[in-house]
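Q: As a plain string of letters, each chain reads:
There are 4 protein chains.
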Amino acid sequence: MGRFSGKSVFITQVTDYMGTPIEQLMLAEGAKVTTREGYVPGDERFADYIADVPEPDIVIANLAHSPCNGPAGDIRDEDWFALFDTMVHPLMKLVRHFAPRMANRGAGKIVAITSAAPLRGIPGFSAYCAARGAQNAFIRAAGLEFAPANVQINAVAQNYVSNPVYYPDELVATERFQKHLQRNVPVGRIARAEESAELALFLASDKSDFIVGQIVPFAGGWATNT
Amino acid sequence: MGRFSGKSVFITQVTDYMGTPIEQLMLAEGAKVTTREGYVPGDERFADYIADVPEPDIVIANLAHSPCNGPAGDIRDEDWFALFDTMVHPLMKLVRHFAPRMANRGAGKIVAITSAAPLRGIPGFSAYCAARGAQNAFIRAAGLEFAPANVQINAVAQNYVSNPVYYPDELVATERFQKHLQRNVPVGRIARAEESAELALFLASDKSDFIVGQIVPFAGGWATNT
Amino acid sequence: MGRFSGKSVFITQVTDYMGTPIEQLMLAEGAKVTTREGYVPGDERFADYIADVPEPDIVIANLAHSPCNGPAGDIRDEDWFALFDTMVHPLMKLVRHFAPRMANRGAGKIVAITSAAPLRGIPGFSAYCAARGAQNAFIRAAGLEFAPANVQINAVAQNYVSNPVYYPDELVATERFQKHLQRNVPVGRIARAEESAELALFLASDKSDFIVGQIVPFAGGWATNT
Amino acid sequence: MGRFSGKSVFITQVTDYMGTPIEQLMLAEGAKVTTREGYVPGDERFADYIADVPEPDIVIANLAHSPCNGPAGDIRDEDWFALFDTMVHPLMKLVRHFAPRMANRGAGKIVAITSAAPLRGIPGFSAYCAARGAQNAFIRAAGLEFAPANVQINAVAQNYVSNPVYYPDELVATERFQKHLQRNVPVGRIARAEESAELALFLASDKSDFIVGQIVPFAGGWATNT
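Listed in order, the protein sequences are those of chains A, B, C and D.
Per my numbering, the very first residue in the first sequence carries number 1; after that it's consecutive.
Per my numbering, the very first residue in the second sequence carries number 1; after that it's consecutive.
Per my numbering, the very first residue in the third sequence carries number 1; after that it's consecutive.
Per my numbering, the very first residue in the fourth sequence carries number 1; after that it's consecutive.
Hint data in this document are derived by calculation from the structure and do not stem from the laboratory.
From the three backbone atoms N, C-alpha and C, an ideal C-beta is built for every residue, glycine too.
This list has only true hints and no planted wrong ones.
Computed from the model, here is a short list of chain C residues facing chain A with C-beta under 8 Å:
#	residue
1	R140
2	A147
3	A157
4	V187
5	G188
6	E198
7	F202
8	K207
9	G213
10	N225
11	T226
In the DSS-like style, the derived pairs of lysine-lysine whose C-alpha atoms are separated by at most 30 Å in a straight line are:
#	chain 1	residue 1	chain 2	residue 2
12	C	K207	A	K7
13	C	K179	A	K207
14	D	K207	B	K179
Pulled from the structure, derived: some chain A residues nowhere near chain B, Cβ distances all over 10 Å:
#	residue
15	M1
16	G38
17	R45
18	Y49
19	D52
20	V53
21	E55
22	R105
23	Y166
24	Y167
25	Q178
26	L181
27	N184
28	G188
29	R192
30	D209
With the hints as extra help, turn the sequences into a complete structure.
A: Right, dumping it as structure tokens:
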């Protein structure tokens with residue numbers, strides 16, 4: 001009997017970002033997990049992406065895209081729109097689709113895996129910060145809106161968490177990156193993916209029903225906003 | 001001799017939101033003001049919108065759209081995309097175009113007129129919060145990026161400021177709205193447009209060269225985040 | 001075998017605020033719990049208060065005092081200093097005493113139970129906000145400082161949680177308070193003490209080793225700062 | 001005719017921190033300035049400190065003390081209490097004394113010169129962060145409380161501003177400090193004291209009547225919280 005026995009969980013874009021570690025932890029805790037691979041479409045193909053997904057108790061809105069970093073003066077239109085098409089518009093569509101159904105059933109949880117980057121701002125990542133900032137702001141407002149219906153919507157705003165998209169092992173191993181860590185991340189290391197997954201599970205559990213619309217920084221002390 | 005004598009200022013979407021009050025105050029302070037009317041296009045028509053605009057010392061990124069409020073479960077695609085098309089993508093294009101030129105000249109100011117809504121989140125305004133949140137996050141990151149080049153980029157994150165788009169006089173005059181004000185806005189009134197314009201001018205002036213990437217709440221105490 | 005089997009936990013001022021619910025949950029999860037009753041002295045009597053406390057793996061810095069609310073113009077010196085003497089100075093002394101010992105042992109957790117009040121500010125509670133704000137700021141800085149030593153220091157910044165000090169049942173039952181809740185707390189209810197205790201346990205557990213210096217709002221959506 | 005002609009201004013602890021630059025700018029702008037030197041007493045001697053101060057339109061609560069930095073495990077009681085005695089308790093006493101009088105007269109401004117340090121937290125400065133955090137939280141709550149009475153109370157939360165207490169010229173000139181600046185302060189320099197004074201004057205002016213309870217970061221991009 002795990003912490004999520006009997007719970008049905010839907011995880012998007014599962015082979016990227018925090019998808020696999022959350023899936024594994026959810027399975028280990030007894031959840032019934034449905035997953036979909038690949039970018040969640042932000043357009044009319046969205047309906048196909050979620051077709052046949054059983055009504056979930058919990059949605060893990062795991063949306064990620066290469067950060068497309070570079071100077072703000074050189075942002076390419078295709079990069080800019082790709083960030084919004086894969087991370088921002090699908091998040092709205094997931095909440096728009098699932099949250100009212102959860103409200104009708106009287107309970108539900110949505111946990112978005114976003115980023116701490118917009119909490120401080122990072123030079124050279126302005127496009128990424130904009131898209132992640134849109135996500136965080138949307139989660140905050142939607143979280144307050146669905147709170148009275150016993151649906152809790154929150155976000156894990158992570159940075160410096162091991163994952164192939166943003167912190168592949170070969171980057172982390174470099175001396176330059178290790179120096180950067182010592183200077184910028186008080187914990188002095190990057191997090192294992194499982195550690196971020198644990199926060200996601202806490203926010204997906206019955207234990208956190210009083211937490212809504214919250215963007216929880218998870219960045220080893222790099223961002224401690226409140 | 002005004003505070004902005006000899007300064008050239010470019011104001012977008014001037015007949016909406018804070019455009020006119022900022023234009024009037026800038027003119028009264030001696031600035032040379034260039035304006036454009038109507039939504040700033042976020043697509044390939046952007047180049048036309050800013051064609052023939054003289055190189056400005058100061059850009060007022062005044063971008064606004066009806067909030068398209070309503071339940072998150074009922075967000076219409078056309079409303080969602082209209083908010084991003086008129087407020088988010090054009091802001092990137094304005095910064096991408098003007099900030100590097102300012103950096104090359106060794107000085108410049110961009111002031112975005114955004115919103116305090118995403119700082120707290122407002123149920124029923126999740127689409128609007130998402131778009132304004134994207135703006136705020138972009139300004140923060142771009143502000144840090146251009147800081148070393150002596151270009152200051154900041155935002156006025158306002159709420160409860162008199163303007164025809166969001167707070168038309170007939171709404172403000174209602175008893176219901178006045179009660180709402182007493183309960184939610186410590187100052188107990190909405191701001192005159194000129195008051196917000198004064199903050200924009202402070203951020204556009206030489207007096208605030210040490211302030212960068214800052215989203216300044218301007219909401220009568222409704223939002224006091226730091 | 002509970003989540004805290006083999007862990008030794010020290011809880012201060014246990015019969016007030018979140019002391020008892022955290023003690024009960026810790027005991028149910030297998031922890032060895034040491035408690036002390038009454039205000040933690042902020043002066044030379046501090047040493048007596050913690051005398052004979054076994055070296056704890058986890059310290060729950062549970063410090064509370066009547067909010068002494070009232071107009072800022074009428075703050076009584078004795079109330080003001082009582083708030084700092086019971087909540088602020090003892091928190092420093094607890095961290096000063098225990099955190100370096102934890103660092104020497106190579107691991108440890110301190111969870112302070114503070115308040116969300118200073119995150120937004122509450123008219124009529126300026127003294128209380130000042131004292132709680134001092135706690136939150138101290139936890140943030142100390143949390144960053146001890147992060148490299150594998151000691152995690154964080155705070156639960158709660159509001160609208162059932163407890164005899166601030167939200168006694170007879171207050172909560174009034175129609176006036178229920179109306180206040182509907183208007184100001186998106187979740188529409190106060191939290192059970194156990195719900196806040198669950199967040200404290202999450203922050204006290206091995207699962208949150210990457211979270212440091214964080215002030216986690218726990219207020220049903222009343223405060224959602226990040 | 002200056003911006004503050006006819007206004008009476010009271011500045012505390014004038015020979016330290018931002019006292020002199022604010023005094024000079026206020027005098028240049030036509031204000032009648034009353035000053036007191038030395039720490040503002042937080043005890044029964046407070047009444048003597050402000051005796052004979054004419055009723056001011058504007059109070060500049062300029063309170064500073066050596067940061068007494070060092071490891072949290074080594075905080076000396078006398079340093080800890082000195083920080084609260086000189087920065088925290090006097091701020092309450094200034095607001096408690098002057099704000100109600102301003103409310104009775106129907107207008108007034110209090111600008112506290114505090115610090116951005118608690119907005120991010122600084123290892124090794126936990127005592128200083130605690131005291132400055134208490135100030136910021138008190139200003140936020142008191143600012144909301146006096147807002148309906150047309151009294152505006154705000155803070156300049158500065159860091160990296162030239163002043164003899166925290167950033168003496170001989171420190172700033174070191175190569176080590178210059179490297180630190182390049183890494184941590186996006187603007188790449190420390191601010192002149194006059195720049196911070198300009199923000200204080202903006203918050204003390206009639207132009208900012210809609211801004212209340214706000215802690216405005218002024219730190220060259222080091223802290224950009226909202």
